[in-house]
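If you read the protein sequences in the order shown, they are chains G and H. So in the numbering used here, spot 31 of the first sequence is number 284, and the numbers just go up one at a time. So in the numbering used here, spot 26 of the second sequence is number 124, and the numbers just go up one at a time.
Hint data in this document are derived by calculation from the structure and do not stem from the laboratory. It is possible that some hints are incorrect.
Cross-link-like lysine-lysine pairs, in silico, DSS-like; alpha carbons within 30 Å at most [as the list claims (entries may be wrong)]: (1) H/178 - G/271; (2) G/339 - H/382; (3) H/382 - H/199; (4) H/121 - G/305; (5) H/382 - G/304; (6) G/259 - H/128; (7) G/259 - G/333; (8) H/178 - H/166; (9) G/337 - H/128; (10) G/259 - H/121; (11) H/121 - G/271; (12) G/333 - H/128; (13) H/166 - G/271; (14) G/259 - G/271; (15) G/308 - G/347; (16) G/337 - H/121; (17) G/304 - H/128; (18) H/178 - H/199; (19) G/333 - H/121; (20) H/199 - G/339; (21) G/326 - G/308; (22) G/259 - G/308.
Each pair of labels, with its calculated beta carbon distance range [to be verified]: (23) G/259 - H/384: 37 to 45 Å; (24) G/329 - H/174: 40 to 48 Å; (25) G/282 - H/212: 20 to 28 Å.
Glycine included, every Cβ here is placed at the ideal spot set by N, Cα and C.
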Amino acid sequence: MPADKKNPFIREAITWRKTGDEAVILNLETSEYYSANEAGTFVWELFSAGKKKEKIAAALAEEYGIPPAQAEKDTSDFLKELAKLKIIAPEAVK
Amino acid sequence: MSAAEKKLFRRDGEKPALPARNKLDMAVLKARLAALPPGVPHTLFLGLTSRCNLRCRHCKYSGAAPVKEMPRPLLARLLKQAAAAGVPRVVFFGGEPLLYKGLDAAVALAAGLGLFTELDTNGWALTRARASALARAGLACAMISVHSGEEARHDALSGPGSFARALAALRSARSAGLITYVSSCVFAGGLRAPSLRRLLAFARQNGAQGARLLPYAPPAGGGTPPAGLAARLRRADPGGYAGTCSSPGTPGCAATRGEVLFCAPDGTVRSCPYAAAALGSAGKAPLAGFLSRRRGRPSSLFPCRTVC
Numbered sequence: 254m255p256a257d258k259k260n261p262f263i264r265e266a267i268t269w270r271k272t273g274d275e276a277v278i279l280n281l282e283t284s285e286y287y288s289a290n291e292a293g294t295f296v297w298e299l300f301s302a303g304k305k306k307e308k309i310a311a312a313l314a315e316e317y318g319i320p321p322a323q324a325e326k327d328t329s330d331f332l333k334e335l336a337k338l339k340i341i342a343p344e345a346v347k
Numbered sequence: 099m100s101a102a103e104k105k106l107f108r109r110d111g112e113k114p115a116l117p118a119r120n121k122l123d124m125a126v127l128k129a130r131l132a133a134l135p136p137g138v139p140h141t142l143f144l145g146l147t148s149r150c151n152l153r154c155r156h157c158k159y160s161g162a163a164p165v166k167e168m169p170r171p172l173l174a175r176l177l178k179q180a181a182a183a184g185v186p187r188v189v190f191f192g193g194e195p196l197l198y199k200g201l202d203a204a205v206a207l208a209a210g211l212g213l214f215t216e217l218d219t220n221g222w223a224l225t226r227a228r229a230s231a232l233a234r235a236g237l238a239c240a241m242i243s244v245h246s247g248e249e250a251r252h253d254a255l256s257g258p259g260s261f262a263r264a265l266a267a268l269r270s271a272r273s274a275g276l277i278t279y280v281s282s283c284v285f286a287g288g289l290r291a292p293s294l295r296r297l298l299a300f301a302r303q304n305g306a307q308g309a310r311l312l313p314y315a316p317p318a319g320g321g322t323p324p325a326g327l328a329a330r331l332r333r334a335d336p337g338g339y340a341g342t343c344s345s346p347g348t349p350g351c352a353a354t355r356g357e358v359l360f361c362a363p364d365g366t367v368r369s370c371p372y373a374a375a376a377l378g379s380a381g382k383a384p385l386a387g388f389l390s391r392r393r394g395r396p397s398s399l400f401p402c403r404t405v406c
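The following block holds chain H by itself, in its conformation from the complex (with noise of 0.2 Å):
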């Protein structure tokens, strides 16, 4: 380990300080996350297209799967029944939101509902000057995709130049004023301490309130645990830095336990982005009907390993 690593590492746990406006948007969230209703989801994922800019070698939309997008009314029906039964977060999700033509429309209609507003991105498209267009309609936060803290590796994955996208977006987002998380997909090889603490060295040096790693979930199964990577994080960030979908010692997952949901473009309603099984359709169905199916249905399966 080198003398610059140890000294990144000493900085385990601690989170850089917020501006007003970024400390009321959190206070407000942790304030309604503390007062959830029973059964509703803390966050609602929405799918606002399957197109995108990358071709991410794990990615499920860099295959030539038929380009959706979701219909602006489905999103606005979305938005006001999340907000209605109580859901406090919104994540607009992709492919790439950002290549959604609807994108500030539904953050001005979702902030407006007084839903704390996300975007996740792999950050190419996020210039300074969009950034700041977002920010003004009311998005809180921004999740920028960077896969490693190693430059080659990252582009590996998800193309030439697309680290240092992600770095220059994480720089946009920040001085727009929005809420930076590095979000992370993270392999087998990826679950080594070295390996993650580059990582979250490289989500602290840059800003971020935080790392959210999810476990690579292959379309056809297997990939890392996501219990294994909880475990790995534990021993790797003791301070609770960074965070994913399991926890030690808490059977199943955010999906299992009914803290999430994701509605795909076409409609299709899954427990998690990456579930593999289809809950129904959110065009024939209220988003209060998907609700209150799965109160009180934890499970120790992950829906992004097993098609039930």
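Just chain G, with the same shape it has in the complex (with noise of 0.2 Å):
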């Protein structure tokens, strides 16, 4: 498990990787596990340092010089999605 897995709303049975530009994530209960493309992989490595959405979407904007709004939708997306795969808590997005 990541030495740095520091978000309380990662689920327990989650661990994680970056690979190149990547990230694995993988559920070990299922052994299901899901690849996170470089844009999803930025915004996974600040949520799982404990960076609440917001100050996530505003990291992405800056770093993809994309407008705020988009990014905001963009990290509320991404989070959504780990959420309906069990990979992080339902609370985690509100």
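Need the complex rebuilt from these two chains, each delivered in its own frame; the hints are there to steer you.
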């Protein structure tokens, strides 16, 4: 399990590793794994470090030069997807 | 067939559960394999040394060939080039790679570059301490040579005591937290279903994640046709616990499909460790050149059986 798994909203059975520009996220209970693209990995790394949704969106907007509203939507959509996949708790999306 | 054998055979297709770290290693490898760029092999075999501490009767390194060691700068360069090209897995190969002085450093470098690292070993020197040290360096997987599920038959090929040492190595590797596979050369006599099943039962009993079977390819050509082994294997092992370099219905083998690449200790590049023909020298050309030349060139000829 990564040493920087600081976000309590990440489910206990989840572990992950960054490889190149991608994060591979694994559910140890089901053995299902997911590969995040570069932007998804950017969001995931910040989320796993305990950053709030708003801070992640701001960082995403700055990193990729996209409008703040777009970054907020992208961040929210990505986290919702993670919640749907039972990687993070649904409360994290609110 | 004895009752004990029947009990073992019922486990066909099952694989031992993996610890969390191994599961993550495998997930990362699978994710990278799924996104493999076109023309990039899934595995680079690196022949670190031609030295070996065993004298297996079938092995091409058993003769009086001059000793060759891969220069460390070449090894480091190949690992970096492989990682840059998107090759997900590297296999440290020999001879016997545990005899190579810079193995731990090479494993650490490869793992640091994000490569899935495997060791292909006869197991003789893979003690618990050695396995643990390699695991700490970043080794993910150990493939241990076991050429028969019967001790006497394996020892007849690889020397007295070699079966017991391979078995001990499997246990050491597992206790060190490595994913383990059994690697086996299959000869004409070993193609019979009971022989294959005994071998696979042995692998399962000892916690191997699977078995990788290689059709024996003598230096002079001939031996077991890869396609023949694949067909036999499908019947003896319908669960797919074991694999080989060819599969029924798919033309050629992993080498002819460009899925693997091998670099010998002296830098000679071949399409696989058992290929007869050389593709060139990694000492003179970057790895990417060999990758691009092999794209889109599938062949039905097996390079281990054909000097082309």
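For each hint given before, does the structure comply? Return the numbers of the non-compliant ones in rising order.
2, 5, 13, 20
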